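Chains as they are written, first to last, in the working numbering: chain A, 1 to 111; chain B, 1001 to 1111.
Fair warning: there could be bad hints in the mix.
[As the list claims (entries may be wrong)] From the structure, some residues in chain B lie toward chain A, with a derived Cβ separation under 8 Å:
{"#": "1", "residue": "F1045"}
{"#": "2", "residue": "E1056"}
{"#": "3", "residue": "F1061"}
{"#": "4", "residue": "F1065"}
{"#": "5", "residue": "A1098"}
{"#": "6", "residue": "F1102"}
{"#": "7", "residue": "G1103"}
Hint data in this document are derived by calculation from the structure and do not stem from the laboratory. Nothing here was measured: the structure is a model prediction, and the numbers come from that model. Even for Gly, the Cβ is constructed at its ideal location relative to N, Cα and C.
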Amino acid sequence: GEDVEQSLFLSVREGDSSVINCTYTDSSSTYLYWYKQEPGAGLQLLTYIFSNMDMKQDQRLTVLLNKKDKHLSLRIADTQTGDSAIYFCAERMEYGNKLVFGAGTILRVKS
Amino acid sequence: EPEVTQTPSHQVTQMGQEVILRCVPISNHLYFYWYRQILGQKVEFLVSFYNNEISEKSEIFDDQFSVERPDGSNFTLKIRSTKLEDSAMYFCASSRTAISFFGPGTRLTVL
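The shape of chain B in the complex, shown without the other chains (with noise of 0.2 Å):
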């Protein structure tokens, strides 16, 4: 059966430093989601992304954040400057109807 992927399981960074979080949507799929919890916390939309672009983001998704699907088949999530506050699992989705399918997370720890 088809699964979104994503890599790393677990990012460790410094404040202030960039990373990247990657994933791999279902192949047929049309609309990709970022999504991020906070430990303890709900699980928050960020960025959604349709036709190479996006379609919707939340307030949290500011400047520092940016996705790309730079290859067709991958889909990332940019985090310019992570601050501390960044720490959180952060989930890809992919959806090609009303049904999204969810990655299994990349924790990220910003120290």
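Isolated chain A, as found in the complex (with noise of 0.2 Å):
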């Protein structure tokens, strides 16, 4: 079935790198993003790669996808206190347009 997991927490130290990791279940995923949602807010699309791809930089956001291992990561440079949210993982199936979502890891930048 389709399932997404992704830690719960994760705290860094400002200018440090921070890694927020996922695992997806779904071979067939054809696109997997990263949201951000700040409290109180929506989710805003931070960044996306399509499933034929290992890797997608955008300035500090660097995306690597593993497809043998279904894994994805989202790594932020130089993180700022401002980057403090809860990210998510989602995939997009092969057939249908929804998204599966993980649960969200919490980013606490601390300064």
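With the hints as a guide, bring the two chains together.
Structure (structure tokens):
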């Protein structure tokens, strides 16, 4: 079945790199996404990767995809206090358009 | 930059009452979705809508729920007889391609 798992909490110091990990079960996923949710706010799309890629870089964000292990990671370089939020991993199925989300990782950045 | 908007931001209702949650998707998008997030739980898919009909729905989306695109710009979710367990944040999303953009959410509280 469809399932996406993430670690619940990550704490880093300002200026360090953060790495948030995600595993998924459906090998037919076509796209994988990272969304950010700040307190009281909606889901902001951060970045996404197509399933035939293994890496995508976008400024401070690097997404790594290991399709064999069904493992996705998001690396945030030079983490800032404004990066404190909940980060959701999501996958899109091969058929249909729905997204399946993980439970979210709370990133806390200490100054 | 175009965005998905939702009203109201917070709705309080009595158990058994009907509620309508409203969304204005991004104007050139073709696919529309509702998701919900019960406090402390995962974001869950409810329904997708394309070409004026439901294209996919989850087990959660039972006969108490309905969606409508009444006028070409709004997209609504109706819950006919609310239950306590319907209390959640409801997110509307829209997409033109594989990338879904989410609204800020409506927090529904059922008393």
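Here is what the structure says about each hint:
1. F1045: Result: holds, 4 Å to nearest chain A Cβ.
2. E1056: 5 Å, holds
3. F1061: Violated, about 11 Å.
4. F1065: 15 Å, violated
5. A1098: 5 Å, holds
6. F1102: OK, holds: F1102 of chain B within 8 Å of chain A, min 4 Å.
7. G1103: 6 Å, holds
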